[in-house]
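Novice: Start from the sequences and build out the full structure, keeping to the hints where you can.
Protein chains: 2
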Amino acid sequence: MIASAVITGGKKVRGIVMISEKMKDLVKNSSVIRAMFEEGKKMAAVYGAENVYDFSLGNPSVEPPKAIREALLDILNEEEPNLVHGYMNNSGYEDVRERIARSINEKFNTKFTYKNIIMTVGAAGGLNVILKTLINPGDEVIVFAPFFGEYRNYVSNFDGRLVVVSPNTTTFQPNLAEFEAKITDRTRAVIINSPNNPTGVIYSEETIIAISDILNKKEKEFGSSIYLISDEPYRELVYDGAEVVYTTKYYHNAIVGYSFSKSLSLPGERIGYLVIPDEVDDFSDVVEAANVANRILGFVNAPSLIQRAIARCIDEKVDVEIYNRNRELLYNSLLSYGYECVKPQGAFYLFIKALEEDDKAFAAAAKKHNILIVPGSSFGCPGYCRIAYCVDYSMIERSLPAFKKLADEYLAGK
Amino acid sequence: MIASAVITGGKKVRGIVMISEKMKDLVKNSSVIRAMFEEGKKMAAVYGAENVYDFSLGNPSVEPPKAIREALLDILNEEEPNLVHGYMNNSGYEDVRERIARSINEKFNTKFTYKNIIMTVGAAGGLNVILKTLINPGDEVIVFAPFFGEYRNYVSNFDGRLVVVSPNTTTFQPNLAEFEAKITDRTRAVIINSPNNPTGVIYSEETIIAISDILNKKEKEFGSSIYLISDEPYRELVYDGAEVVYTTKYYHNAIVGYSFSKSLSLPGERIGYLVIPDEVDDFSDVVEAANVANRILGFVNAPSLIQRAIARCIDEKVDVEIYNRNRELLYNSLLSYGYECVKPQGAFYLFIKALEEDDKAFAAAAKKHNILIVPGSSFGCPGYCRIAYCVDYSMIERSLPAFKKLADEYLAGK
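Residue numbers (the working numbering), protein chains in the order written: chain A, 1 to 414; chain B, 1 to 414.
No lab work stands behind these hints, which were simulated from the structure alone.
In this text the structure is predicted, and so the values were computed from the model without any measurement.
Some hints here could point you the wrong way.
Any copy, or any two copies together, can satisfy a pair, since identical chains are not distinguished.
With a straight-line Cα cutoff of 16 Å, these simulated EDC-like cross-link-like pairs (lysine to aspartate or glutamate) come out [unchecked claim]:
#	residue 1	residue 2
1	K66	E78
2	K182	E221
3	K28	D285
4	K24	E288
5	K41	E94
6	K249	E38
7	K317	E63
8	K317	E21
9	K217	E178
10	K353	E340
11	K24	D282
12	K28	E288
13	K115	E80
14	K217	E180
Specialist: Below you can see the structure in the form of structure tokens.
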């Protein structure tokens, strides 16, 4: 009652936008995918959801393993509520971290303990924690195009400078000569992502060894520490028995960021971890700082109940065969229509060559056929588009005539 | 096999610490409470857990309402797994946000919709999101001592400048004259916290009106927007029927940060929300930027399952009478031993005057009696100590002789 009388000072300073300068740019750059998302909803209303082929988002379509539900039910029925929902060490429950360390050790013959594991709010949280830990303003962080566009924002959060190595569009393995040339005395970290978003390519053992050799050489040359951050949300999603080597076995300053978002189809739960091996330079400072960073950035800790649940299903994964069926159908069909694309070995993306130089124009042309795909520019790789095939098989089937028509528009005369 | 041969370049640059400059300071300043936590564990091993009185942490001791467990079980049994654990809008599920808006409207006669609510990773996540949204480097953020020490870190995350208004140790209401004097053309935000951590004091309606009047005046004087951020994790924990007014009804640029950590004893789950009213300057820019900030900071979204659970128990709360019993026993006992303290009206903290000038020395003296309390310096208010009474009643009972001996050491001769 008093309130309405009290609110009298409200004036709008016209023309001055009140959000921070940094956010103005970030919001502007965010608007492409956001616009696509809104467009998709509008299109579904006009044409019917059945007739819109939305391949824009990496939101897993395969159900979480049944073990997850059972683990959650068991924990709620068996464990003490204040433990299940309470604060723990900012780095996570020690028993959960120990369980994860053991699982990695069994798979990769490593020697981690809970001290090497920090539970994080997904891989996105983990990357922000490790960048906060390592990056001074102006420090350089190298990424290989094409790369997950959010890396740009994460590095910007700490006023680092993103250095992009241009793509090798033949294999989509990293361009190593350019990589070596771009390392300077300000290079603090390198982010790799394999299986890769957006290409689905897995970096070969040869690639990881070559990256490691270059980094060792450059560390000596500059007397610096250069951390190799391996972002691995797609590690478990691989096809045809492909292998993803464990980076910490190849380079002394490697740090792994992992997420259960895709391996267990839990992207909304925000659960992942960092692996910081004993071998990294200044190990104890780095893990202590990462613990503090987890708190200070406002994560405080990875969500508690789901920490306890993933520990109970650590070696479960989603049925990758469902994604594989999608991959085979879409890849083979698109090739038969005349599209060009490297066959993905992992993740759930196809990265096709746009049928005209301008990938944004091509994505716009696709939209006229009710196909929603993301221009490669968003991944630092113009001239390509990403198709996220973590969707229903039946939607892929329904979309094929539209993909064919789109190709025919461009290729008919050739 | 190759790996061990490959790791050859590892050299330690001695004397150079590899973590970022900012983190070095943050880790150093973090070490007081961390040392206390480690000390507590050591003491429990030496003296037995029964004989150590750990009042250092604000970790709720009261069980979550049974409705939380039931809601979680129901959701797991009834709802579709990819919806329960999947991505949603970065600001949260619309139906959850709408449910929260309705609950606030019913209690405070406001007119919010889901558009005014952004689900966040606890209040800590929410504060970081809104500060990222609003703060340019060098912008000033005012807090009133004593204040939750993490505000210093959150403001530092965005290179803001924390401006501290010194405490009024008679009432622990804000020092309004000093507040007005410290507002400049760089003042971008003010953070208040009521019921207050560490004092338990509730800011009166009079106080909120006075703050609002001052801010309105200063906004006009400087032609600026000054946002009042009300951090309210303790809103539901109040005693003797005390009232906590709803800030958005008193000031046009008020933003509320809420958390379910204490109201539902779910601190590990990291679930809270921001309320951004239509009335705030540049409303649509602010909510859009906050949505993007939630994603970019690495939260992506508040954890999904627990979002859906709190929506089903929105008007539940923990049994506050348990904390009230603790409060009465501890407050009355300490006063009878000669301690000085404002009686808390909310939260679960007592903020006692240290019995010597140096609050750190006093906390050290308390530790000799196996009592762990946090020096007021950590809250910008030296000369006091915080006692967190969110503990078992029986621990308080056991601790009383130790508190009495401690007082007698200082007061016996007087």
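Novice: Run every hint past the structure and note whether it holds.
Specialist: The hints, checked one at a time:
1. K66 with E78: For K66 and E78, the Cα distance is within 16 Å only across copies (14 Å; inside one copy 18 Å).
2. K182 with E221: Classified as within; 13 Å inside a copy, 50 Å across copies.
3. K28 with D285: between (37 Å within a copy, 11 Å between copies)
4. K24 with E288: Cα proximity of K24 and E288: across copies only (10 Å, versus 33 Å in one copy).
5. K41 with E94: Only across copies: K41 and E94 sit 15 Å apart there, 43 Å inside one copy, limit 16 Å.
6. K249 with E38: Intra 44 Å, inter 33 Å, cutoff 16 Å: neither.
7. K317 with E63: Within one copy, since 10 Å is at most 16 Å while 33 Å is not.
8. K317 with E21: neither (42 Å within a copy, 40 Å between copies)
9. K217 with E178: Only inside one copy: K217 and E178 sit 15 Å apart there, 57 Å across copies, limit 16 Å.
10. K353 with E340: within (6 Å within a copy, 74 Å between copies)
11. K24 with D282: Answer is between; shortest inter-copy Cα gap is 12 Å, intra-copy 37 Å.
12. K28 with E288: Intra 36 Å, inter 10 Å, cutoff 16 Å: inter-copy only.
13. K115 with E80: neither (25 Å within a copy, 36 Å between copies)
14. K217 with E180: So K217 and E180 pass the 16 Å test inside one copy only (9 Å; across, 58 Å).
Checked against the numbered hints above, the structure violates hints 6, 8, 13; every other hint is satisfied.
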